[in-house]
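Taking the hints into account, I'd like the entire structure generated from these sequences.
Numbering (my numbering), first residue to last: 1 to 481.
No lab work stands behind these hints, which were simulated from the structure alone. Small disclaimer: the values here were computed from a predicted structure and weren't measured. A few of these clues could be false.
[To be verified] Computed Cβ-Cβ distance ranges for the label pairs, DEER-style:
#1 Q299 to G355: 52 to 58 Å
#2 K96 to S442: 35 to 41 Å
#3 D375 to D31: 47 to 53 Å
#4 G86 to N406: 51 to 57 Å
#5 T65 to N406: 41 to 47 Å
#6 N406 to K231: 52 to 58 Å
#7 K336 to K424: 36 to 42 Å
[As the list claims (entries may be wrong)] Each computed DSBU-like pair below joins lysine-lysine, with the alpha-carbon atoms no more than 35 Å apart:
#8 K117 to K98
#9 K70 to K427
#10 K14 to K356
#11 K414 to K467
#12 K231 to K130
#13 K130 to K99
By construction, the Cβ of each residue, glycine as well, lies at the ideal position given by its N, Cα and C atoms.
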Amino acid sequence: MFSELSLSVIQRPKRDGFRAAKFAYITNLHDPAARTHETEMDGPQDGEFDPAKIDVLANRMAASTTQVRKHLSMIHQAMLETLSPGETKHIAEAVKNKKRIDLQSLLCTGLARNLSKDGYVLLTDELLLKSAGGVVYTEPIVIQEVDNFTLHVDVPYSGTARILDYATSPDGIPRVTPIVTDMRIHSGSNEVIISSAITRDPYAPFGAVTTALNVHTMGTAFNRLVDILEKAEFATIGDRDRCPFIVESGELGDGTIIIHAFPQIDGSALTNWMEYSTQTMKRMLTSMLNTLSNKMIPQAYTATRLGGQFPIDFYTILGNYVDGMNGIMQPRKTVKASIQLEEILTSYYNCASTGKMNDRMRNTFKTLKTGNTPDNLSYMRQFIESYLTFTILFGVYDDFAKFNANVNGVQDVKRQERCGDVLKEFKVKGEYALDEFRNMASSMLTDLFNAPNRAVHLTKLAEECSKPIAIVNEYLKKPKH
Numbered sequence: 001m002f003s004e005l006s007l008s009v010i011q012r013p014k015r016d017g018f019r020a021a022k023f024a025y026i027t028n029l030h031d032p033a034a035r036t037h038e039t040e041m042d043g044p045q046d047g048e049f050d051p052a053k054i055d056v057l058a059n060r061m062a063a064s065t066t067q068v069r070k071h072l073s074m075i076h077q078a079m080l081e082t083l084s085p086g087e088t089k090h091i092a093e094a095v096k097n098k099k100r101i102d103l104q105s106l107l108c109t110g111l112a113r114n115l116s117k118d119g120y121v122l123l124t125d126e127l128l129l130k131s132a133g134g135v136v137y138t139e140p141i142v143i144q145e146v147d148n149f150t151l152h153v154d155v156p157y158s159g160t161a162r163i164l165d166y167a168t169s170p171d172g173i174p175r176v177t178p179i180v181t182d183m184r185i186h187s188g189s190n191e192v193i194i195s196s197a198i199t200r201d202p203y204a205p206f207g208a209v210t211t212a213l214n215v216h217t218m219g220t221a222f223n224r225l226v227d228i229l230e231k232a233e234f235a236t237i238g239d240r241d242r243c244p245f246i247v248e249s250g251e252l253g254d255g256t257i258i259i260h261a262f263p264q265i266d267g268s269a270l271t272n273w274m275e276y277s278t279q280t281m282k283r284m285l286t287s288m289l290n291t292l293s294n295k296m297i298p299q300a301y302t303a304t305r306l307g308g309q310f311p312i313d314f315y316t317i318l319g320n321y322v323d324g325m326n327g328i329m330q331p332r333k334t335v336k337a338s339i340q341l342e343e344i345l346t347s348y349y350n351c352a353s354t355g356k357m358n359d360r361m362r363n364t365f366k367t368l369k370t371g372n373t374p375d376n377l378s379y380m381r382q383f384i385e386s387y388l389t390f391t392i393l394f395g396v397y398d399d400f401a402k403f404n405a406n407v408n409g410v411q412d413v414k415r416q417e418r419c420g421d422v423l424k425e426f427k428v429k430g431e432y433a434l435d436e437f438r439n440m441a442s443s444m445l446t447d448l449f450n451a452p453n454r455a456v457h458l459t460k461l462a463e464e465c466s467k468p469i470a471i472v473n474e475y476l477k478k479p480k481h
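Given below as structure tokens:
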């Protein structure tokens, strides 16, 4: 019986990964046999150190596994020299260091510039010894209080401020925009202006452009900045219209600001933003299921707030982006999630049936006013499919995260059976098992056209699909101390 399955998923404040890696993580990634250091780490690890992880990283970087292994070895040696200077290297002491670095960006930089070990030593010295508490990209920048409503963070690209560029692939390093660009994040009447270089990596997922920097964490200005970013309603880049965005919250409290924006003007911005979130959720779930499938005692770890990798408020960003594309500048926070979804679903259905699109969705997804074909509606359909896929994936994630939860001492047997079914399928098909959820989402959308009472079906689908995001938002809230 699947209900007799035993497993647990434990939340941690932070969890190592390619974008935030401690020396202990890199040691085990570089040499999976080095599990003797496990006791020096933050408790038992969760399978991240499978040798296949390097293949995953290389694929994500669009680089060869051989080159990634070579440069990973040099990074490991360089970090060991920094953390254990002198002729005798004490690796057992070095693995106790808690400082995290963006390993993927460091590898991208090294591969793009063909760095030697000595070159990595210079870089890792700066990344590991800076006073900034979070993952380091720049010197801690002073936050300027322009007035009661505006904060400004100015990061000059030249000089010593910039230490590491955020990158997805080695090809992204020469494509970092050296011209400082203004990214404006708005929350009510408050605004943060970030003047910084932006990475336009050709291999960045779904056309995301990213800025990453560190700020001083002392004083009221920092508290104001965090508050604005955590309650952000809309964003603009340069002189462009509004764009969907994601403010990573994982290291925000330590002064590390990472913002991904989707500035496409062809109607794909909202689609790319949603697809980015969907693929991130798929990666998180794949990692969890890999761990639970491959361990004698099925136990996995996940970071609090979903690792800080998702929009802090999906519907605020969605609604204000659509409003902004239609000339409504005043942010709104009161529109129900189901109403927003029903608007998009109804518009898609009506247009697919008649070829006519209302102005509001036409401006958002850049369709025609009349005479639309499936090609004209591709971004809109992809957004809906991606959203539905996200809710299904998250539902599975939530089931595993709450596997042992109980109400009045009684566990949810149906939830445990669902988890058992997913795990059984995953052991056979691997991550391809999760791809079937996209097919399920596509079928849900197709069913709209076969429903006997389509209006009722649309409303019900919108209501049902908005419920999971309410649970997502619970995960994304700051944990209470």
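Next on the checklist: Taking the Cβ atom of K336 and the Cβ atom of K424, is their distance within the range 36 to 42 Å?
Outcome noted: Cβ of K336 to Cβ of K424: about 37 Å, so the range 36 to 42 Å holds.
Checklist entry - Are K414 and K467 close enough, with their CA atoms no more than 35 Å apart? => result Cα-Cα ~19 Å, so holds.
Item to check | Range hint 35 to 41 Å (beta carbons of K96 and S442) holds or violated | outcome: The hint (35 to 41 Å, Cβ to Cβ) is violated, given that K96 and S442 are roughly 49 Å apart.
Next on the checklist: Just to be careful, I want the Cα atoms of K14 and K356 compared with a cutoff of 35 Å; is the pair within it?
Outcome noted: violated, 48 Å
Checklist entry - Quick one, are K231 and K130 close enough, alpha carbons at most 35 Å? => result Holds, at about 29 Å.
Checklist entry - Between Q299 and G355, does the beta-carbon spacing fit 52 to 58 Å? => result holds, 53 Å
Next on the checklist: Holds or violated: the 52 to 58 Å window for the beta-carbon distance between N406 and K231?
Outcome noted: With a Cβ separation near 34 Å, N406 and K231 fall outside 52 to 58 Å, so the hint is violated.
Checklist entry - Straight-line Cα separation of K70 and K427 no greater than 35 Å? => result This hinted pair holds, its Cα atoms lying about 31 Å apart.
Checklist entry - When you check the alpha-carbon spacing of K130 and K99, does it fall within 35 Å? => result With Cα atoms ~10 Å apart, K130 and K99 stay inside 35 Å; holds.
Checklist entry - Do the alpha carbons of K117 and K98 lie within 35 Å of each other, as the hint requires? => result holds, 22 Å
Checklist entry - Does the Cβ distance between D375 and D31 fall inside 47 to 53 Å? => result holds, 50 Å
Checklist entry - Is the hinted range of 41 to 47 Å satisfied by the C-beta distance from T65 to N406? => result Hint holds: Cβ distance 44 Å, inside 41 to 47 Å.
The structure is inconsistent with the numbered hints 2, 6, 10, although it conforms to all the rest.
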